[in-house]
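**Student:** Position chain F against the provided structure of chain U, taking the given hints into account.
Residue numbers (the numbering used here), protein chains in the order written: chain U, 146 to 399; chain F, 15 to 276.
In case anyone wonders, no lab produced these hints; they're calculated from the structure.
Computed from a prediction, not measured in an experiment: that's the story for all the values here.
Beta carbons: idealized from backbone N, C-alpha and C, even for Gly.
Treat the hints with care, since some could be wrong.
[Stated by the list, open to error] FRET-style restraints, in silico, Cβ to Cβ:
id, chain 1, residue 1, chain 2, residue 2, range
1, U, 301, F, 102, 44 to 52 Å
2, F, 199, U, 216, 42 to 50 Å
3, F, 211, U, 282, 56 to 64 Å
4, U, 278, F, 212, 51 to 59 Å
5, U, 327, F, 173, 30 to 38 Å
6, F, 19, U, 216, 38 to 46 Å
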Amino acid sequence: MFSLEGKHCLVTGAISPLQRAFAVGLAEAGANVSLTTASDNEDQEVMANSILNECWSIGVTGKALKVDLTNEAQLDQKIVELETSIGPIDVLVNATHTAVIKPFLEFSTDEANDLFSNNVQSTLIPTSVIGRKMLARGKGKVINVVSILADRGVPNCAVFSATQGSILGFTRSLGIEWIRQGVTVNALGLGFYSDLPGPQQDDALREILEKYIPVRRLGTSTDLQGTLVYLSSDSSDFVDSEMIVVDGAISVHA
Amino acid sequence: MTVLDQFQLEGKVAIVTGSGSNLGREMALALATAGSNIVGVGRRTEPLEETAEMVREKGQEFLSLPTDVTDSSAVHTMVQSAISHFGQIDILINNAGGGGAGRGKTLPELTDEDWHSGMDVNLSSAFFCSRSIIEHMVDHRSGRIINVASGWGYRGGRNQFMYPIAKAGIISLTKCLAMTYARDGIRVSCIAPGAFPHELGPETEVRGQMQAAGRFGFMNEMGPLAVFLASEASEYLSGETVLIDGGAIAAGVTPAGIAPSQ
Numbered sequence: 146m147f148s149l150e151g152k153h154c155l156v157t158g159a160i161s162p163l164q165r166a167f168a169v170g171l172a173e174a175g176a177n178v179s180l181t182t183a184s185d186n187e188d189q190e191v192m193a194n195s196i197l198n199e200c201w202s203i204g205v206t207g208k209a210l211k212v213d214l215t216n217e218a219q220l221d222q223k224i225v226e227l228e229t230s231i232g233p234i235d236v237l238v239n240a241t242h243t244a245v246i247k248p249f250l251e252f253s254t255d256e257a258n259d260l261f262s263n264n265v266q267s268t269l270i271p272t273s274v275i276g277r278k279m280l281a282r283g284k285g286k287v288i289n290v291v292s293i294l295a296d297r298g299v300p301n302c303a304v305f306s307a308t309q310g311s312i313l314g315f316t317r318s319l320g321i322e323w324i325r326q327g328v329t330v331n332a333l334g335l336g337f338y339s340d341l342p343g344p345q346q347d348d349a350l351r352e353i354l355e356k357y358i359p360v361r362r363l364g365t366s367t368d369l370q371g372t373l374v375y376l377s378s379d380s381s382d383f384v385d386s387e388m389i390v391v392d393g394a395i396s397v398h399a
Numbered sequence: 015m016t017v018l019d020q021f022q023l024e025g026k027v028a029i030v031t032g033s034g035s036n037l038g039r040e041m042a043l044a045l046a047t048a049g050s051n052i053v054g055v056g057r058r059t060e061p062l063e064e065t066a067e068m069v070r071e072k073g074q075e076f077l078s079l080p081t082d083v084t085d086s087s088a089v090h091t092m093v094q095s096a097i098s099h100f101g102q103i104d105i106l107i108n109n110a111g112g113g114g115a116g117r118g119k120t121l122p123e124l125t126d127e128d129w130h131s132g133m134d135v136n137l138s139s140a141f142f143c144s145r146s147i148i149e150h151m152v153d154h155r156s157g158r159i160i161n162v163a164s165g166w167g168y169r170g171g172r173n174q175f176m177y178p179i180a181k182a183g184i185i186s187l188t189k190c191l192a193m194t195y196a197r198d199g200i201r202v203s204c205i206a207p208g209a210f211p212h213e214l215g216p217e218t219e220v221r222g223q224m225q226a227a228g229r230f231g232f233m234n235e236m237g238p239l240a241v242f243l244a245s246e247a248s249e250y251l252s253g254e255t256v257l258i259d260g261g262a263i264a265a266g267v268t269p270a271g272i273a274p275s276q
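Just chain U, with the same shape it has in the complex (with noise of 0.2 Å):
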């Protein structure tokens, strides 16, 4: 029902426990797992390796790509390399997911494009390059992550609330886009993960949030593999333009 063997799944995003929980989750479901790391930055390369040897241990296969994603003609390359030499992707998984919390006045204009080029540039540009072998194929899945702040106000998130609505928006649109050419495109919804960026990173909020959060904790990056493996799979094909919250009940809560 829910396994992913003969897949090839890629999980891009800078190295995050998110990026691992991720490509761990889709190679315990049979997936091959490619992964992206920032160009030129040897600590994430290593991490790669690692996260790779995780993967291949399990048994499936996989590569990580040193690219900038929002470099299209670059990332159009290594991509082309990649499915010729692990085979053509079958699952995005859009895992870029940087916050910058603090005041809307303190924010720079190059600090908030940067914010931008980080969560959402890093997401249609891959999905573009990507998405359009998908269709020629006439087949394929977009998952995005988006923050719960996509749609909800908590104070000095305001430019991170924007990225993440950008993508949410992006997602409902494109996946009535490509559906009837056999891509379906989805959120993932992160509530407030405490290995992840976000307002809960802040010692004073997290204290409150474990209290708040209706089931009492802050999630793990493993807390999504479920999730992921689901939205990765042949089963969840009807599921379109859809965002998925994972997050204890938080966003319930009045």
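**Tutor:** Positioned in the frame of chain U, the structure of chain F alone reads:
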């Protein structure tokens, strides 16, 4: 535990209302495939017995309890019988419902009976079943409730009142149950199916092309979502409604299939 192990329901017991047919049957079968035993609830015995045979073929047990789920004391008796037979109930799927009340009538023509019937079949039933099982789940500090709403719970129906209103109520019930019982280890979620015709005919494919996805849902796509939401794979997910509708609700502001160029 690998991620695929998280989807296992070995040794679990699920009450599935409306499991005599259609999506309820699909969910019962999928849960059985994942290892769960089933308590099948519905108005009539024969359809339940058909589901029973299919579930038993998968090697799982099926207890058939025909019940009118709009009758709260009948619901209470049903839940007690289920508990007494199996010892522990892990999952409740509130799937019973239907769109028949008041069909074809305008608002002024709708009677009080139409209103109550629509609410009772689609919303009260879920409330009654949840109320009857909850203390058992709290005592065990574990349990899953999966409600079944509809895309109609998100939007306005034309000359349709009870069904959309009740389904929106189901979405709210999901949130209230999730909020109230999260700290007792209980997870509550909701499936909102789009169009899943159960009778396929020569026009089905043509009519399907008018859906956002270019097709209707296939009945067997319902089961895996229920298994996912009933299992450890969704442990940090609660209060949430998942639409499985080929994008119909995300779309909907224009007729399906039209791609404007300007």
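**Student:** Kindly indicate which numbered hints from before are broken by the structure, ordering the numbers from low to high.
**Tutor:** 3, 4
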